[in-house]
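Protein sequences appear in the order of chains P and C. Per the working numbering, residue 1 is the first one in the first sequence, and the count goes up by one each step. Per the working numbering, residue 246 is the first one in the second sequence, and the count goes up by one each step.
Because the hints were derived from the structure by calculation, they are not lab data. Note that beta-carbon positions come from the ideal geometry of N, C-alpha and C, so glycine has one too. A couple of the hints might just be wrong.
Cβ-Cβ distance ranges computed for the label pairs, FRET-style [what the hints assert, rightly or not]: (1) Ala379(C) x Leu191(P): 25 to 35 Å; (2) Arg261(C) x Leu196(P): 52 to 62 Å; (3) Arg123(P) x Lys431(C): 29 to 39 Å; (4) Ala48(P) x Ser282(C): 32 to 42 Å; (5) Ser120(P) x Asp267(C): 25 to 35 Å.
Partial list, derived from the structure: chain C residues whose beta carbon lies under 8 Å from chain P [claimed, not checked]: (6) Met296; (7) Gly331; (8) Phe333; (9) Pro334; (10) Ala379.
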Amino acid sequence: MRWLLDNPGQAWALTLEHLFLSIVPTVVGVALALVLGLVFGNRPRARAVITAVASAIFTIPSLALFVVIPSIIGTQILDPLNVVIALSLYATSLLVRTVFDALDAVAPEVLNAAEALGYSRARRRVFVDLPLAVAPLAAGTRVAAVTNVSLVSVGAVIGVGGLGQLFVAGYQRNYPDQILAGIIVILVLALVLDRLIAGAARVLTPWLHHGAAPGQAPGRRRPAIGRAKVATIPVQDTANREEPK
Amino acid sequence: MITFESVSKSYPGGTRAVTDLDLEIPTGSFTVLVGPSGCGKTTSMRMINRMVAPSSGCVRIDGQDVADIRAVTLRLGIGYVLQNAGLFPHRTVLDNVATVQRLLGLSKAQARSKAYEAMERVGLDASMATRYPAQLSGGQQQRVGVARALAADPPILLMDEPFSAVDPIVRLELQQEVQHLQSVIKKTIVMVTHDIDEALTLGDRIAVLAPGGVLHQYASPLEILTRPATEFVTSMVSKDRGFRQLSFATLEDVRATALPAPGADGLIELGALAPGWKLRLDPAELRAVWLDPSGVEFAAGPAVRRGDTVRSALDAVLASPVSAALLLNGDSVPSACVTIDDLAPYLRHGVRDPA
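Same shape as in the complex, but just chain P:
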C-alpha cells in the first residue's frame, strides 16, 4: 500500500490508461458482436463459421496476439492500438456467442406476434429482439469487461499495459508492494466495472424488475362488457346468461 500512497499521480495515470484499454475493447466487442449477431443470427451456415472463428481467436494467447498484430496492420510494436485491437477481438469472440444465444432465447410466440402485427425483419430485430437480448448480453458483457481488465496487464510486457506496468516494474525491482498496489487497483476496477454494467442492464430492462406478482396488483379485471351485473336477486332475466349452443 505504501507505493500507492506515495505515488498517487502515477497510479492515477496508469489507472486511467488501464480503464481506457479495457473499456474501449469492451464497447467495440459489444457493438461488433451485436452487429454480427443481428445480421447473421438466423443464417445457420454463417453462424457456424463465425462461432468457429470466434473460438479459434479466443484460443490465441494474448501475448502472441499483441506481438502479431503490428505485423498484420502495420502499427508500431508499442502502439496501444495493438492492445485495443487484440482485446476487442477477444471481447467480440466472447460476446458473439452470447448474442446468438440471447437472440435464440426470445420466445417464438413473441417473434410470431411481431411478424403477424406487421414488423419488417429489420425493425423487429431492433425493436423486439434487441431489447429482449439485453439481459443475457449484459451478463456476457460483465465477463468480457472483467476479462479485459485482467488481460490489459499482459500488455505491460510489450510496454502498453496500464497498471500491468506495476507488475513488471515491481518484479524487476523486487518490490512486492508495487505489485500488490497493481493487484488492488485492478481488482477494484474489475469490481466497479462489473457493478456498473449490471446496474446499467437493470435500468435498461425495467420489465424484469417489476414488484407485483400476477393477480395481487390493484386494478383487477373489470366486469366484462355486455354482461349483466350479477346481483343477488333471483328474479332476473337470463338474456345475458351463458348459453352454449
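The hints should help you fit chain C onto chain P, whose structure is shown.
Leaving out everything else, chain C in the frame of chain P:
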C-alpha cells in the same frame, strides 16, 4: 370478402397441409375454421396475412391477390390474436396495445391515446396501462392481445386459438366479450379453434376441416348441427347435438302457463302446477320464492324471457323445484311461467332438416 381459390399447401416430403380449399368469407362475418390438429386450419388462416404462402391457388381480399400486397402493409391492416397472447414482454400493456399504431407511424402520444381507447373497449382498466405482461394473469394477457389487435381498427381480425390457453371460466367470459364486441364493431373475423363447441357458439359461418386440410362442410352452425355433410362432420358434432340444437329456437311462440292471481296473503297457490306449493313474489326486492307444502322456501332461479333460447329455458325448468321457470313478458313482475309441458313441442320434433 376473403376468398380462397383452390388453395393447396404441401411441404417438402409430400405432407399436405391444405388440399384444394375453396372458401368465401363474407365481409362482417364471424367465420370459424374448426378441426382436429393437423387439419391445416392455422395454415389456411395464416395465408390471409401471408405468414404462409400457398403452394398453389390464391387468397384474395376484396378481389386482390394478397401475394400482390407487400407483406408488412398487408399485416398492418389485419388484426391478429395469438394463442398465448404473444405480448412483447419488454413493453408495458399500453405500449403493447399501441404497437400497430406506432408501426403505422403515429406519434407515441397519439398511439397511446388510441391504445387507451382500445383497452377500454375490451374491458381493461386504465390502471393496467403501466404494467408489464408478466404481471398479468393469462386472461388479462389475452385481453391485451385482443386490444392490441383491435387498436388500429383493422377491418379484418384473425384469431389463432385465442381462448384455448386460459381457464374455462375466463374462456367463457372472453368468448362472450368477443361476441359482444363483434356485435358492435362488425369486423370480418376469422378464428381458428379445435373446439367445436366454441365454433358453434361464436361463429356465424363454420368451416369444418379434416386432417390434410380437406374442407368437409362450410355452413351456418344450425346447418352443421342438423345436416352434417359427412361422417367426419357428424363425428365432430355428435356430442350434445340434440341439446345444442335447442339453442337455435327461442321462446317467442311458447305457450306459457299463466300464474293464478295471488290470494289474500299475497301468495300464489300453484294448484295443478305443483299441488300444495305456493309462490311468493316480492317485486320491491325483485325476489321470488317457491314454498313447499310445509312452508320451506326455495329461491326461484333466474326468470326467462321471450327472447331466450329453448335450451336455456329447459335448463331453468329442470333446475326449478316445481319444474317451472318464471316468464317475464317484458314487465318486471312475472305473470306466467314456462313448464316442461310448455316446452314439450320443441323437444318432440328432434333434430331435423331446417328446410
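Hint check:
{"no.": "1", "hint": "Ala379(C) x Leu191(P): 25 to 35 Å", "result": "holds (31 Å)"}
{"no.": "2", "hint": "Arg261(C) x Leu196(P): 52 to 62 Å", "result": "holds (57 Å)"}
{"no.": "3", "hint": "Arg123(P) x Lys431(C): 29 to 39 Å", "result": "holds (31 Å)"}
{"no.": "4", "hint": "Ala48(P) x Ser282(C): 32 to 42 Å", "result": "holds (33 Å)"}
{"no.": "5", "hint": "Ser120(P) x Asp267(C): 25 to 35 Å", "result": "holds (32 Å)"}
{"no.": "6", "hint": "Met296", "result": "holds (6 Å)"}
{"no.": "7", "hint": "Gly331", "result": "holds (3 Å)"}
{"no.": "8", "hint": "Phe333", "result": "holds (6 Å)"}
{"no.": "9", "hint": "Pro334", "result": "holds (6 Å)"}
{"no.": "10", "hint": "Ala379", "result": "holds (7 Å)"}
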